[in-house]
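Chemist: Protein chains in written order, with our numbering: chain A, 664 to 969; chain B, 664 to 969.
Just so you know, these hints were derived from the structure itself, not from any lab. Being a predicted model, the structure only gives us computed values, none of them experimental. Each residue gets a CB set at the ideal place from its N, CA and C atoms; glycine is no exception. Hints may contain errors.
[As the list claims (entries may be wrong)] Where chain A lies over chain B, by a calculated footprint (3+ residues, C-beta under 8 Å):
(1) 712-726
(2) 737-745
(3) 749-758
(4) 805-819
(5) 859-867
(6) 873-879
(7) 882-896
There are 2 protein chains.
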Amino acid sequence: MRRPPTPGEAGFLGQLVDAGLVIESGVPGVYGFSATFVDVRERLEALVTGHAADDCPERLHFPPVLPKATLEKSGYLNSFPHLGASIFGFEGDEREAAELGAAAARHESWPHLGETGLVLTPAACYPVYPAIGRRAPLPTGGLCIDVGSALVFRNEPSGDPARLQMFRQRELVRIGEPETVAAWRDKWRDRALAILGSVGLEATVDIAADPFFGRAGRMMSLSQREQALKFEVMAPIASPQPTALASFNYHRDHFTQVHAIAMEDGSEAHSACLGFGMERCTLALFRKHGLEPRSWDPAVRDLLWT
Amino acid sequence: MRRPPTPGEAGFLGQLVDAGLVIESGVPGVYGFSATFVDVRERLEALVTGHAADDCPERLHFPPVLPKATLEKSGYLNSFPHLGASIFGFEGDEREAAELGAAAARHESWPHLGETGLVLTPAACYPVYPAIGRRAPLPTGGLCIDVGSALVFRNEPSGDPARLQMFRQRELVRIGEPETVAAWRDKWRDRALAILGSVGLEATVDIAADPFFGRAGRMMSLSQREQALKFEVMAPIASPQPTALASFNYHRDHFTQVHAIAMEDGSEAHSACLGFGMERCTLALFRKHGLEPRSWDPAVRDLLWT
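Bound conformation, chain A alone (with noise of 0.2 Å):
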């Protein structure tokens, strides 16, 4: 793994799988989830999902898969080249096929492989912005997608139970006029703030930056800290220092420009998203309140059960 467990995580981890509530696969960052896990996780999600009622937002959903040439267009290649995952598959004939078989088998590389044109979804906002291009212009005020509670991919093995490879995004992307996104965001990132500190977390908001690769992605992120484009609200998982829980991303005209997305009147617009960390949010409230959510506090039980 890229990243070996600190012993708070390693021992984390080693509660959660004692207590049933997540199954190891033999891969560090891709487990299973128990029904406890995945109930909370789901009642989570439907808190969140009452709090975007006034953005009446629209539903569309996305498998977790995308084109590489969608992914290519946004330049997401420069900037994390070591998060990126190709989707390849079999091109052969039948000795080929056994060639594969055999060394499958042996648990060796597969042979005969090439790419499929598809890649993992890295962030759940991804597929909505080519959608919304291939639309109309946008109306005045813009519009609000949910894309509900999405899977990504990101090429990060890790000990860290906090850290998944595949995770879900409870995801929320609005797109119109910038200042009536930036506002959007900056009304998300306290609201967030409220729905995790409503369940019981220490949750702490500070402007943040993504995981730019290299030399020249300390630049990317030192800028993106600059302009205040990226916040997360954070608690405790499995180490004192908090993690992420939240993030909430202003992206100007970046996709926008991409997908050649406008106002109605010709006017540029700018995109936003939020996405909820769905298992980390679960993991922090597991490591808050202990593992069995009968035992509660009852106001937090309340809040997510009824």
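Given chain A, work out where chain B should sit, using these hints.
Modeler: Below, chain B alone, put in the same frame as chain A:
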């Protein structure tokens, strides 16, 4: 695409796209779905969940990625090399990352990739067996696992809107004494006919075979049919010929041998699974009742929405 659409398939896809129910991505078999589509799918899932209550299933959820070694142990690559999908990620330094970024900007093949050790899950039951194999032997009566509405991937780009590359299986798995498992599979085959009939679909059942690869695969299909290991419940979707909506599979000791699952008394355990192809079931409803659920037969609406 591997198989171009028939006129009927292209026509139905066009209607779905025009109605906004299905959103094209640019790659055949990868689509987004509207609020209306997702609502119908979720209502159908809830209907299946209600019928599953008397199995008292244990809910376990898994992400749609699987350790490569797990898929290899199952022998999947010997049967379905053409459908498998391996996840590749970047392995390189800053210079190589720049080369990757430049290749991506030109929509060329990505250089400097290597296997991540993960594959896409081809059927929702695959992660269940290793998880159960790590538990103590099964008590009398065995167990039933509900993996929910799980995403799976198969590398088969097709112009038929009823053949997706990534899709949802509403899947249940039964592991236990051979006769218990076989009876459960047969019960659900009949139950699925009734469920799909209750929402107005002209569903039929037949012995079926998996799409095994190549000439050797044709022998495996014959053998599977002879032993009646697989049934499918079918209804028309994009073609007059019926399409499989749900599948009922008796694995005998295949997965239980691979993952060392046995009964508490030392006797042999068998497994079976069933999966409703949720997008197919949803599409069959749109085909049968029209693209606007508000004008569907009130009896069907009542069953789904109350």
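Chemist: Run every hint past the structure and note whether it holds.
Modeler: Hints and how they fare:
| no. | hint | result |
| --- | --- | --- |
| 1 | 712-726 | holds (count 6) |
| 2 | 737-745 | holds (count 6) |
| 3 | 749-758 | holds (count 7) |
| 4 | 805-819 | holds (count 4) |
| 5 | 859-867 | violated (count 0) |
| 6 | 873-879 | holds (count 4) |
| 7 | 882-896 | violated (count 0) |
When held up to the earlier numbered hints, the structure conflicts with 5, 7 and fits the remainder.
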